[in-house]
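Participant: Position chain P relative to chain A; hints supplied.
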Amino acid sequence: MGNNYKVLLIKLFIMTAVIISVDAVAGLGLKNIFYKQKKGKYYKVTHAIKNAKEDILIFGNSHASEHFDAPLMKKLTLNTVFNFGNQGQSLLYVYPLVKSILAYHKPLLIIVNLDYDELQFKSEAYERLSILLPYYHINEVIDSAIALMPYNEDLKCHSFLYRYNSTLGNIMLNISGKKLISNQGYEPIAGNICRVNGTEKIESPTNASSFDQNKIKYLMMLISAVHKANVKLLITTTPIYNYNANQKNIYKEKLRRILNGLNVKYLDYGTNNEFKGKCQYFSDDTHLNPDGADKWTTQCSSYAKAMINN
Amino acid sequence: MAFVPVYILILGATIIIDYFAGLYIEKNVGVKRKTLLIVSLVANIGVLCFFKYYNFINENISAVLQNWHYKTPFPQLTILLPIGLSFHTFQAMSYTVEVYRGNQPAERKFGIYALYVMFYPQLVAGPIERPQRLLPQFHTKQAFNIENISSGLQQMLIGFIKKLVVADRVALFVDNIYDHSALQSGKSLALATVFFAFQIYCDFSGYTDIAIGAAKVLGYDLMKNFNRPYLAVSLAQFWQRWHISLSTWFRDYLYIPLGGNRVSNFRRYGNLLIVFFISGLWHGAKWTFVIWGTLNGLLLVIESMLNISSKRGHWLKTIVKTLVTFLLICVTWVFFRAPTIDNAIYILMKILKFDGGLMQGNDHYYYAFIVVTILMLFEIINEYKPTLYKIVPNNFAVRCAYYTLLVVIILQFGVFDGSQFIYFQF
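Taken in order, these protein sequences are the chains called A and P.
So the mapping is simple: this note's numbering equals the position in the first sequence, first residue as 1, plus 315.
So the mapping is simple: this note's numbering equals the position in the second sequence, first residue as 1, plus 270.
Only chain A is shown next, with the shape it has when bound in the complex (with noise of 0.2 Å):
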């Protein structure tokens, strides 16, 4: 028995060796081709952590990445313009950006584009921190996002292959083909409501124990790390087909309570009457189509110019 024993540990030590081995070469290769991608979700976070020298900088969720036409407010503004918005992101994936960017550029604007329920407890909205994985040791602040992460994230971070999971595919659809930069992080959806029958209002969450701790300590870290670097800050809420106004949203109403109690511009277009019930200008309840967000970027546009002529 002794001597199977001594076998059995031999083996293991052996196969042990060699997994931690193929982990640490086939992570390497992957690192390789997963920063070659030029475009999707990953190209936005490298360029923020790499090489973002736009002036003005957006940030967000799909409302951010959907809703802001890059291209036009280029044009509007003649400042360059770049829109890292990613769909089911949070203020805990754009602190980190943020934060990153601000380390090696020094841009005119950030427009960081909030939903009014931003500071809600959402479980999903840790998860898809996912994201930012391949990032593993990149800088503090990533690691610091990535160790907010459910199921021990930053602990399986120590394998090299692990960084990359569920990324092939990302990087087999997005290593070839036009780089995103062509529309500098935009991406526009199609389609109106118009034809839709019974759209949703969309109401208040009414939850008071949910609030985010980590999002609001967040808001207040990215507000300090702007103004610190002397760069102007814009919030904003995007245009949102029918929202019930009446109903009290204590999420909205602490966003606001921040943003005034730290002289923050906030530019609300959540319940905008050129917007509300305009069916022309969504694709659904709360994404404007390319029309909607032209009409949006236009006047969020002139917004930003004033503010950085200021």
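Derived from the structure by calculation, the hints contain no laboratory data.
Everything hinted at is true.
Stretch-level coverage of chain A by chain P, calculated; a stretch enters the list once three of its residues show a Cβ under 8 Å from a Cβ in chain P:
hint, segment
1, 322-330
2, 335-347
Using 35 Å as the maximum straight-line C-alpha spacing, the simulated DSBU-like pairs for lysine-lysine come out as follows:
hint, chain 1, residue 1, chain 2, residue 2
3, A, 356, P, 620
4, A, 321, P, 411
5, P, 457, A, 437
All C-beta atoms in this analysis are idealised placements derived from N, C-alpha and C, irrespective of residue type, glycine included.
Facilitator: Chain P alone, transformed into the frame defined by chain A:
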């Protein structure tokens, strides 16, 4: 399903009842023997019914009484289903029945009997073992065996691949479609249903592989629970290959006692329907599961009436029979996956129309397609050309490379979102 520490007392109580029932059934004869068996069965079924079906029965009684403007006097209770209840209840019942039938001597050692019911690798979701297979193994001293450890770990690794790389990966696509069925096209729903068939197969057989592998590492052999079910050429064959431990349980303790194949065709069909109705109910206290079970029974009856054999013939005929069987099984899975019967019917109607485009262009679709194709490739080789593996030399270097590849696949393609096994809810 939940783990509530106090529920161990319930499990403990049924273990004590069954343990003593076994001893006294063996000692006694005649009516007393039968009474003891009934006491044991009532205790087990009673616990199962209370935790799993109380609210379901109450809701249905309430719905019926409402027609006459009456209210049920029984309150709805907040009950959490104890972990693995359906599985260890069936395993416990098979013990007392086998002792009663004289096929198994009663277990004298309480600890061994408790281990039989609570053997942790298969406690939560099977395979549902028989006392004749498992109890003798607990009486044998297990020596350190490097082969057992090696093959056990290998099977566990395969199980993790099935769960993390196939089932959970495919689930990303399926959940996306099924959770928004009203917005999906018929083609997307059809594809999601096909993918769900693979999701549930890999989810459950993946768990079984992990359970069997873990037991093997400890030196114990558990029964095979799946045998490439989607390569079955008939529905009867599918049920011989799917969740084998449950199918054989129902065969031995329900179908055969009801008369089995020795009765008239009419009664046999009735028996099949009863078995599959109960099998559906065993899966969950929801009408969707009952319909799923009954529909499977109905399809088996039709297959039996049409005298469709499970024999393989010409390759083309085999392919057609395999595909038809698979598609029929997919139809039944719609009821298993959909949240309500109305939703299931709505989905089936949309699938029949087969309109709209496929929801392509996202990673989930591509991944799901690739992993399912690779899975089926291995299944086909295992089924029809298992000798193909012999061309690969079986030495440590090759095995090392193979295991490393599996680990790489898990790390790169696995989904680590903490999702549970589907069958844990039963």
